[in-house]
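What follows is the residue order along each chain.
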Amino acid sequence: GAVVSQHPSRVICKSGTSVKIECRSLDFQATTMFWYRQFPKQSLMLMATSNEGSKATYEQGVEKDKFLINHASLTLSTLTVTSAHPEDSSFYICSARDWQGGPGEQFFGPGTRLTVL
Amino acid sequence: QQPVQSPQAVILREGEDAVINCSSSKALYSVHWYRQKHGEAPVFLMILLKGGEQKGHEKISASFNEKKQQSSLYLTASQLSYSGTYFCGTAISGNTPLVFGKGTRLSVIA
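Note that the protein sequences, when read in sequence, are chains Y and S.
Take the first sequence: its position 56, counting from 1, is numbered 56 in this note's numbering, and each next residue is one higher.
Take the second sequence: its position 82, counting from 1, is numbered 82 in this note's numbering, and each next residue is one higher.
Since the hints were made in silico from the structure, they are not lab data.
Careful: at least some of the hints might be erroneous.
Claimed, not checked - Looking from chain Y toward chain S, a few residues come up when the C-beta cut is under 10 Å (computed):
#1 CYS13
#2 THR49
#3 PHE67
Stated by the list, open to error - Derived pair list, reagent style EDC-like, types lysine to aspartate or glutamate, alpha-carbon separation capped at 16 Å:
#4 S/LYS37 <-> S/GLU66
#5 Y/LYS41 <-> S/GLU66
#6 S/LYS26 <-> S/GLU58
#7 S/LYS50 <-> Y/GLU63
#8 S/LYS26 <-> S/GLU66
Glycine included, C-beta positions come from ideal geometry on N, C-alpha and C.
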């Protein structure tokens, strides 16, 4: 299957700082990527859809000024958590759908575990 | 709208079978199944498209009943490695993001 990488895999930061998470599609181009957040023992909740060359689409209840998304190229999307607080601690996972010759499987990156102290 | 998964949790002995269901109140374009182990990202298992189909992946297979908007994941002769949380993700069209169910926690014991 297609490969999606994510960096960093784990980050610990102090309250009030900003954290940037990178998501890359390694072997296919992704005009659209998705950012999910998962709290312990819960499901994956869609935060936003990242669109290459245009503004991201945020789900209801997700603050676009707090979670900045930039999709600068066909293989890279970044999520910046600004002024992070302890309640932002979570597992952040990006994904992309690979449409090349197939029905559009959605592959996930390995995730980033964010801990805000 | 979030699809509904059942059961919430199941415990199996090695070699036993299990069925996990996923249903939606909306007309679906596709259903995607994933398995997630603790602390890891979800791993893609298979995708089923509208029109109704059935797929197999080793001893794991799935079906999609378009009339009922329901998909089922079948695990046969379970192995210890099958343990994890299984999620179904549904899409109402080809370019919309997946919405995931709450997951089914599967534990396979020796």
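Hint by hint, here is what the structure shows:
no.	hint	verdict
1	CYS13	violated, 19 Å
2	THR49	holds, 6 Å
3	PHE67	violated, 15 Å
4	S/LYS37 <-> S/GLU66	violated, 29 Å
5	Y/LYS41 <-> S/GLU66	violated, 30 Å
6	S/LYS26 <-> S/GLU58	violated, 30 Å
7	S/LYS50 <-> Y/GLU63	violated, 34 Å
8	S/LYS26 <-> S/GLU66	holds, 11 Å
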